Every structure is written in structure tokens, then in C-alpha cells.
Amino acid sequence: MLTRLLTRFWWSTVTLLGTAFLTFFLVNAVPGDVAKVIAGSKASGEVLQEIHAKYHLDDPVLKRLGFYFIQLAHGDLGHSYVTDQAVAEAIRIRFPTTAALTGLAVLMWVALAVPLGVLTARFRNSWFDRTILVVATVSLSLPSFWLARVLQYWLAYKLGWFPVGFFRGLVDLLLPAATLALLMVGYYARLVHTNMVEVLDSPYVRAARAKGASETRVLFKHALRNALIPVITMLGMDVASLLGGVLFIENVFALPGIGNLAVQSVLNLDVPMIMGTVLFSATLVVGANWVVDLLYGWIDPRIKSAG
Amino acid sequence: MPLLEIRNLQIDFGRGAKALRAVDGVSLSLEPGQTLCLVGESGSGKSVTALSIARLLASPPAVYAGGEILLAGREVLRMRAAELRQIRGGLVSYVFQEPGASLNPVLRIGNQIQEALQLHRPQAATEAEVIRLLKLVGIPAPETRIKSYPHELSGGMQQRVMIAMALAPQPKLLVADEPTTALDVTIQAQIIELLVHLRQQLGMAILLITHNLGIVGDIADEVAVMYAGQIVERGPAPELLRRPGHPYTRALMNSVPSLDSETDRLTTIAGGVPQLGAFPAGCRFHPRCAIARPECAHASPPLVAVEPRRWVRCPYGNSPA
Amino acid sequence: MKPAPANLTRFRPWLLAVASLAAMAFASAPAAGDALHPGGTFHLARADDPQSLDPVLQQLADDFLFLSLLYLPLLDNTNGVDLVACAARDWNTSSDGRTFTFHLRPDLRFSNGRTVVAADYAYFLEREADPRNASPNFALLGAYHIRGAADFAAHRTKHLAGVHTDGTQTLVVELDQPDPTFPFYYIFALPQEEVERPGDAFARHPTGDGPYMVDEWTRGVRLVFKPNPFYTGPAPRHFDRIEIMIGGDEATHLLMFERGELDLANSTAIASIPEPDQARILRDPRWKRYVERSPLFAAHFANLNTQMPPLDDRRVRQAINYAVDKTRRAASGRFTPAKGLIPPCMPAYNTNLAGYPFDPPKARRLLAETGLPLPLHLTLWYATDQDSIMQAQEIQADLHAVGIELNLRQASFSELNDAAEIPGKVQMSLSGWFTSMPDPKDILGSQFDGRTITNAATYNTSFYNNPEVNRLLDEASRTLEPGRRLALYRKIEEMIVGDAPCLFLKHPILCELRQPWLKGPLLEPLWPIRLDRVWIER
Chain A
5 MLTRLLTRFW
15 WSTVTLLGTA
25 FLTFFLVNAV
35 PGDVAKVIAG
45 SKASGEVLQE
55 IHAKYHLDDP
65 VLKRLGFYFI
75 QLAHGDLGHS
85 YVTDQAVAEA
95 IRIRFPTTAA
105 LTGLAVLMWV
115 ALAVPLGVLT
125 ARFRNSWFDR
135 TILVVATVSL
145 SLPSFWLARV
155 LQYWLAYKLG
165 WFPVGFFRGL
175 VDLLLPAATL
185 ALLMVGYYAR
195 LVHTNMVEVL
205 DSPYVRAARA
215 KGASETRVLF
225 KHALRNALIP
235 VITMLGMDVA
245 SLLGGVLFIE
255 NVFALPGIGN
265 LAVQSVLNLD
275 VPMIMGTVLF
285 SATLVVGANW
295 VVDLLYGWID
305 PRIKSAG
Chain B
1256 MPLLEIRNLQ
1266 IDFGRGAKAL
1276 RAVDGVSLSL
1286 EPGQTLCLVG
1296 ESGSGKSVTA
1306 LSIARLLASP
1316 PAVYAGGEIL
1326 LAGREVLRMR
1336 AAELRQIRGG
1346 LVSYVFQEPG
1356 ASLNPVLRIG
1366 NQIQEALQLH
1376 RPQAATEAEV
1386 IRLLKLVGIP
1396 APETRIKSYP
1406 HELSGGMQQR
1416 VMIAMALAPQ
1426 PKLLVADEPT
1436 TALDVTIQAQ
1446 IIELLVHLRQ
1456 QLGMAILLIT
1466 HNLGIVGDIA
1476 DEVAVMYAGQ
1486 IVERGPAPEL
1496 LRRPGHPYTR
1506 ALMNSVPSLD
1516 SETDRLTTIA
1526 GGVPQLGAFP
1536 AGCRFHPRCA
1546 IARPECAHAS
1556 PPLVAVEPRR
1566 WVRCPYGNSP
1576 A
Chain C
177 MKPAPANLTR
187 FRPWLLAVAS
197 LAAMAFASAP
207 AAGDALHPGG
217 TFHLARADDP
227 QSLDPVLQQL
237 ADDFLFLSLL
247 YLPLLDNTNG
257 VDLVACAARD
267 WNTSSDGRTF
277 TFHLRPDLRF
287 SNGRTVVAAD
297 YAYFLEREAD
307 PRNASPNFAL
317 LGAYHIRGAA
327 DFAAHRTKHL
337 AGVHTDGTQT
347 LVVELDQPDP
357 TFPFYYIFAL
367 PQEEVERPGD
377 AFARHPTGDG
387 PYMVDEWTRG
397 VRLVFKPNPF
407 YTGPAPRHFD
417 RIEIMIGGDE
427 ATHLLMFERG
437 ELDLANSTAI
447 ASIPEPDQAR
457 ILRDPRWKRY
467 VERSPLFAAH
477 FANLNTQMPP
487 LDDRRVRQAI
497 NYAVDKTRRA
507 ASGRFTPAKG
517 LIPPCMPAYN
527 TNLAGYPFDP
537 PKARRLLAET
547 GLPLPLHLTL
557 WYATDQDSIM
567 QAQEIQADLH
577 AVGIELNLRQ
587 ASFSELNDAA
597 EIPGKVQMSL
607 SGWFTSMPDP
617 KDILGSQFDG
627 RTITNAATYN
637 TSFYNNPEVN
647 RLLDEASRTL
657 EPGRRLALYR
667 KIEEMIVGDA
677 PCLFLKHPIL
687 CELRQPWLKG
697 PLLEPLWPIR
707 LDRVWIER
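Protein chains in written order, with this note's numbering: chain A, 5 to 311; chain B, 1256 to 1576; chain C, 177 to 714.
Bear in mind the hints are in silico, worked out from the structure with no lab data behind them. Watch out, some of these pointers could steer you wrong.
What the hints assert, rightly or not - Which residues of chain B face chain A? A partial, calculated answer using Cβ under 8 Å:
1) 1309
2) 1341
3) 1344
4) 1351
5) 1353
6) 1357
7) 1375
8) 1404
9) 1406
Since this is a predicted model, take the numbers as computed values, not measurements. Just so it is clear, CB atoms sit at the ideal spot from N, CA and C, and this is done for glycine as well.
The shape of chain A in the complex, shown without the other chains (with noise of 0.2 Å):
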């Protein structure tokens, strides 16, 4: 057990630092020079050169990545190179809102895509079933930007009944929560479905019925548990990554969180910011890796025995 504990956290370390030399060496290999956002483009080679030498922009790749790495052992993000604010201070500060977005979309794509998933396996191929995949497939079809730019048109703007954007409290986060659940709940359906109709096929299902149990009996005892162990692992990898940044809904209401934040710092070339935003959803990615792993053998008790 303790080995297993110690792999994983050496492997998970491994991508984390594979990751910053990846990002590191590919933000320098942009064309551009951070100096001139911040001195301006026409900026004179000595103000130029007062920058690089202050960021040691000259050196090496290596021993840059050298230097931040020692920070980073002490904890130490760095600052942003345009706005001198410290990285760590600039992610806490945005993350609340997109952990909040994330949360609540969450809540509501679930709570709507297990139920549908759950009555389309039950009435496999009926009218219900088809309808519902139909608008499944055009739910994940569509673009992000343009439905938050059109929900945002008509049920802020027009009708008025939502703020269009910024965030002044949790009520704002509604709309912009149900346009990610919108965009979501289409894949989860069919996930849940496809599940369900595997697993009401298969015979412990069959062994149920022959018992007598009653259909909802066993799609709620017998069933469900079984298929939703395989949408818990993609629920948390896809949480983790919407932890990362929600771009365009957080751009399109106003939002401050990450995504804004990573988009931005890439523009400018901001590198400690650029490593900052990227290590720390790398690190939510991996972190739930962890977390998926622990609950699927909370879940599923096959997996917890085998170790």
C-alpha cells in the first residue's frame, strides 16, 4: 500500500515537472520579448536592456529554468512580469469564481443528465429515447462562445430576468453556470445511457429480474451504482480541467477566474504567470487523477482488494 502511495507520488511528480519544462521551454521558444510589453514595443535598447537584466531574460534556458525551479522549491511562484503582481496572489484571488462556476455547473448537469440517462436506457428506443439523443448530440456539438453570447442576449438583455455579467454574488453565477452545464449535460446523458443499457444487459441485471425485483428496483439498486462508476472518473477529469479555466464563459459574463487569467498572460508573454496558471491546473489535473482513483475504489469494491 505504501509503495503503491510512493509510485504514484514520484510518477505524479514526474508529469508535474515534465509539464514545466514543457511549458518553459515552449513559451520561450515564442517569438516576442516580454520587455516590450512591458516597455512598450518601440521601447530603447537601454530601457530594454534594464528589463532583460532585471529578469535575466539573457540567460540561458536551462539556468532560467534552473532559477525558477529553486523558487518554486521555496514556495515561491514569482511575479508577473507586466503587472508585478505575485502569481499566487493573482490565481487565489481568481479561483473562488471559477471553482464557484464549475461547482454549481456541476450540480446542475448532473442532476439533469443522470435522470435522462437513467429513462432513455429504461425506454431504449422510443421516442423519448430519440429525441433526448438528438438534442444530446447538438448539446455538445455546440461552440461555447456562441451560446453564452445568445443565452446571455436573450435571458439577460432582453428579458432581463439574469445580470449579464460580472460578480457581485452567487446569483450570478447562474446563467453562466447553466450555459457550462448546457454544454455538458449532452455527453453526460449519453455516457449514462450508453452505461445503463450495458449494464442493464448484463446478468446480474438478468439474475435481479429472475429474483422478482421490480424494473425500478433495478435501476436504482442494481444498475446505477455499476453505471455510474465509469462517469465518476470522466466527471473528474473533466472538473479538473474546467478548474483550469472556463475561457469563454468567464470572458463573455465578465467573470474574474483563471481562464481570463492564463489567456491573458500568454498574450503578454508573462512567463511566471504563463507557468503559474499552467502548473496549477497541471496540478489539479493530476490531483484528481488521485481523487478519481480514491473514490472509484471507494465505489467499486472490486478495485480496492486487488490494491
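Given chain A, put chains B and C in place with the hints provided.
Positioned in the frame of chain A, the structure of chains B and C alone reads:
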């Protein structure tokens, strides 16, 4: 009155022009306390027949095209959902081929057995009763076992649990669909022995589906042999096994290896079971039959009672007398 | 002094013009104090935080409007042409045009309570002139050649020799050569003890002598201003609170504006109404009365690289100018078609300039004259904003009609900038210039001085070099007599236009959409959006 009576059952897969007949006019009957073995190779339609007794076939794609199934005088094919749930477990219980797959992997076995009790004998749905059932089927240390998950048990144990679960609601008929096929030979013998023991104790009828003639002799009162969706021979077990009337039955018996004969090779039946919808013309067995004649390709022989309670579907099989 | 902001291609360190709130006293608007206009909260939304609230580190044109809330410049303006005293009581220029003396108001106070003195203005200038501070305005200030600036920048002297104070109320600045445009360079007072305090960066928590101070700044969320309790400046202050929400984009902001949640639709320095909504707003009876327009000291054009054939042939460049119709979309009121470089709102504007009217047959004739095989193939680089995209496509269509096939190449703002500086790389690029002085020195001198083409980061991306123009530019920049100066610059413009190193396109007009209850003079050409001059009346 027979406990189970199947009359001229016809089951198709698919509809209309694409329908394939898997069970073609099968008739069986079983008295209370009696054991009937339904024998045949895979694809003969025996499992389909067995599952249809409690209407457990997935429909679609299965279609009950004709015939009747009477269980304790009640017409299964016309039952409504509530009544069907009542007879499932209450009247007829099942034991399936792969016990591991037939137990819900995320629920403890005690929970699953208790569910069977809850559905039909709620007043007896206690842990004590579950333990008693586990003891009945020969599971050691049942008090701790009730907390186990299915995957924590061996194949043989799993099957015993399935049997316990099947017996919990005290059914009159136990349908065992290839209960030992997925198990080791030694475990097979144990399970069959268990079934024999239980039917004596509980006075239960058993419909045992198998392709293995080897176990039939130990347990069957009556044997029915199926091929390509039809019954080709039927009769009391000792008679049938001693003097099989249908070439197919004979071939099956020959292919069972015996420990005392010296053989280099196992005897097999040439060819394979025909696919649904691709049955040969005339007698369905004739391409593989050792005594086939030219007429066999044209005429489809009917099931004929060559003696009281003895049917054979072959005019040229050795007549029993 | 600055290249056209936002959707134009270049940003240059912003020249800080001196704003005069005393202009209010001389103009017809009532002077008086706060009692005249009730307070209230002003609401605005912006896509991004300002990069910095320290004027020395400030470079984006879009962030200028914050400076007018926080700091008082020595001199200010109301109409873009006339300077009026603001933080200075009065000022004068020496007869040789090289020395500027400012007499300060004695009663101005910083938001930390301290009285402002002349040394604070000197400190500001020295900070900008020191390359260690990496000020985006370094080059801009450097163009004035303050005496001793080179030595100071090389750290050979501790102070700028040309900047000194005479007591606490007088500031004197000496230039190496005369330059009448120097007063348009905005000079602010900065408290050294606050700028250099340890901990909290001055750029985030500035201390200024303007009407407001920063109450709260949560990056990415909101920037809030509250009244500076020590404010004693000449102009009245109108709001109790200014709330700027950070995030979203212009489309979202417009929706919020229409619902009354914002007092101004947008606050970027140019063209506030998003392109796709233009037509709708201009027709909407609710809003069309509240669209305010102001001309700018700016020009849009496309650089034609005179060193790359076939653009090295002047006839080809002139043909391009004749081929393109500059009046398309002019009806929207967002720009004036350009004949040259000097915009109509500048005094030096030449109404008699012939320029290149739309004449495709003449274009074809010129091309035929060159004998070059048609169609010619050229590449136009442009940035990613809406206006550039539309402009590029229009040019492509027009040139196609005269036998020039234009390949369009879109690039990011910084990529475009960097590429255009490399000789022989970019044939044509959409470009522009925005200056904050009513004098053509910047617009003509910065980009068409042939001696700068060898600079590493040159603005002269047409690589144009006409020795006569160079000579006249030198002479004009030193000319103090207004009439003669104007004449020289007009001549220079004529020569440049004749050589056609650019495709002259348009002079943009700033359009702002304001709520009916927002009163006061919001726009002016030098420092486009003046939140310090407006108030709310319901």
C-alpha cells in the same frame, strides 16, 4: 397437474421477414418434485427455452411467436408485470451459468440474498435466515461470509451463493442453466451433489440445462434432447441413456469420454450446430447424422411417441423395443 | 507622439500632456466647487486592468483616463490646441524657445497630506529619464533632449542637469535645442517618499495630487476610486465614487450599458461602439442622440516599403493611392478620408492639399507606364482588430480592379511590429499614428525621417529617405514662429505625399456613447476621455 407445462413454444428473434426461429414447437412438462434435464449443444435453443419460463428473455429482440407456458396452471405468456414479479422467485428461481457475473459486484452477498427474501418472504428477511441458507448450501463460516463481495469468493462458492439466493424465496421450480459449465470438474460434482441433496430436502422440481451428458445420469428423472430449436428425443433418464433412440443422442453419448476405455482421440460429432435461419432442409440433423439417408434431406420428421412417455424425432433411429 | 492606440499598430510611450483644469475658469463653464454638481457613483467597465497607475510606467493609451483622476499635470488643455495652466499657476517660455519656467500653485496636496513642491516634478522627470526604471516614456522624453539627459541616462550624473527648481514653487526645464511642443508633454508631481516606500508597490497604490485616489483595486475584479481628501486643485470634483469593473469584452459592456448599469459604453481611447453594433446604435432613437464625436490627432495609413520592388517605383505607389477609394464607410462618421497625414483638427491642416482622389483609370495608366508585367503581386500585413480586417479587404478589392493582386497576411500586433522593423521583410502594412500634441512634428518627424531607417527599432517602416525632407524636418522642429512653422510642415507634408511612401487612408474620429444623465465635456483630442470633467444629473 404438472408444475410446468410448455406447449408448442415458438420463439423468434427479430420481426417479420427477418425473423429467425430459435425455438420451434418445443413441448415439455414437469411434475412437482421431478427433475428434467434439457440437453443439447450451444445454439440448440435450450437456454432460450429455459429463460422463457419466467419471461426473462430480452424482448425485443426476442418475440414469443406462439405456444403456451403454464406454471402451476398459470399462463406465463399472458401475465401482467405484477404477477410476473410474483412468480419470479416465488414460484420459479434461476441459477445461471456464470455465477460471478450473475451476482452484483458492488453489493455484499448477504445483501443480495436478503433481497431475495425481502421480495417474497419479508417476514423471514433476517440475517439469521441468510446465515441458515448459506449453511444449507454448504458455505463455511457464513456469519462472516455475509459481508463478502462476490469477487472475494471462488467460483464454486459463488455458485453456492446463487443457489442460496435462488432457494431463499422457497420456489417450487429451480431452473439451473448450465450451473456447472464454468466450474472445475471437481466443483461440478459438488454442486450437482448439492442440488440432489437440496431437492430431496425441499421437494423442489429442477429443470437442469446442460450440454454435458456426463452429469445427467446423476440427477435426472427425465431427459429431453434439443437440436436446432427442436426436441429430438425425450424420455425417462435411465431408458434414454441406456438405449438412445435418436442418432444425435447416440452421438452425444459416444462423445462422452469414459475413464476405463483406452482411447487416443476424443470422439466428436462432425460438423457444427447450424445457425439460426440456416437450418438444413428436411431433418435438421441429417448433414451430421451417421445413418442419414437420401430421404432425410427432404422430409422433416415429426416428434413421435414410440412408447408411452418416450418420443423420438427420427424414423430410422433404433427402435427402443 | 504616440502611435494610434488600440486598433492601430503601434504603441509608443505616451506623452503626458499637461491638463489644465484652470481652463474651466477661463472658459465659459462655471468654476465653483463641488456644491454645483451632486456626487453619486460613476460606473464603468473595462476588459483589463490598467497595467500600472504610476504615470512613469504608464504606456497604454487606454489607461490615460485613470491618470486624470489621480494626478494634476502642470499644464492642461480643453480643445487640444490651447494649453491652460493647471497645477502650474502660470508658465513662460524663453525667447530662444529652449527654457521653460513653471510657477506652481502653492496649495496643492498629495493624498498623504503633504504639500506638493517643485522637486516633486523634477523627481518625475528624472524617473522617466532613468533607463533603470524601464519607463515606456523614456524615448519620448528623450526626443526633447533635456540638457544632460544622455549623461544622466548613462549614470554619469546623479541628476538631470537641465531640470532644476528655484525654491519650492518654481520648476525650470532647459532643452538642448528649441522645441515649442515641449509644454504639451504632461508633467506630474510624484512624492518620492511614497514611490520609494518599501512594500506595497506605488504602481498599485499610488499617491497623487489629483481629485481622486484609489480606494480598492482587486486585479481582475474591480478598481474603485474615492475622493482625495486633501484635494485643493482648481477644478471641481463631481463624484463620490468611481467604480470600474474589470472583465468581459466590449459586447458584454454594451449590453450592460443599454440596461443602464454603466454610465459610459466603453472607455478605450478610440471608437467605443463595437463595430458590429455601430449601425444599430446609430439608428436607435434611444441612443443616437448620445453618441458623441471628437476628432483626434491621428492618421491611418498603409506603409509602402520603398526599398522593396516594385514599391521602389514611385509610380506604383501613386497608382496604389489612386486605386483605393477612401470614402467607403465614411458615412458612419467614424473617420474623415485622408489626403495626407495631418488631421483636420490640427492647425497645420492643409485644405489645399491635392492628395490622391479616387481615380482607377489613372492608376492603371501609371502602372502601364512602368512597363511592369501585370498583375503585380504584393503582400499586406495587418493586425487582428475589426477595423484592420475590413480595411485590408477593401484595399484588396480596390487593387484587384487595377491589376494588383494583394495577398493578405494577418498577424498579431507584436508580430506585425517586429516584422515591419526588419528591412526587406514587409512590403505593405496597415499602420497609423496618434499624437498628443497639435503639432505635426511627431506625426511627420517620427516616421518619415530618413535617417532613422538604420535604427534597430525604427518607426520608419516605409524605409523612406528623402534628404530634402530630412533637412526641412530639422529646420521646422526648431522654428518658433508659428506661421513659418506651419508653412514648413505643410511643405514637408506635400513632399511626403508627393513621394507616396504610404497609402493615405483616414483620420479616425472618436465616438463615445454616453448615458443621457452623464453631463459635461467628456472628449478632447489630446487626452481623449476625461472622467474628471463629467458629472451625473438625473
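Hints, verified against the model:
no. : hint : result
1   : 1309 : holds (6 Å)
2   : 1341 : holds (7 Å)
3   : 1344 : holds (4 Å)
4   : 1351 : holds (6 Å)
5   : 1353 : holds (6 Å)
6   : 1357 : holds (4 Å)
7   : 1375 : holds (6 Å)
8   : 1404 : holds (4 Å)
9   : 1406 : holds (5 Å)
Of the numbered hints listed earlier, not one is contradicted by the structure.
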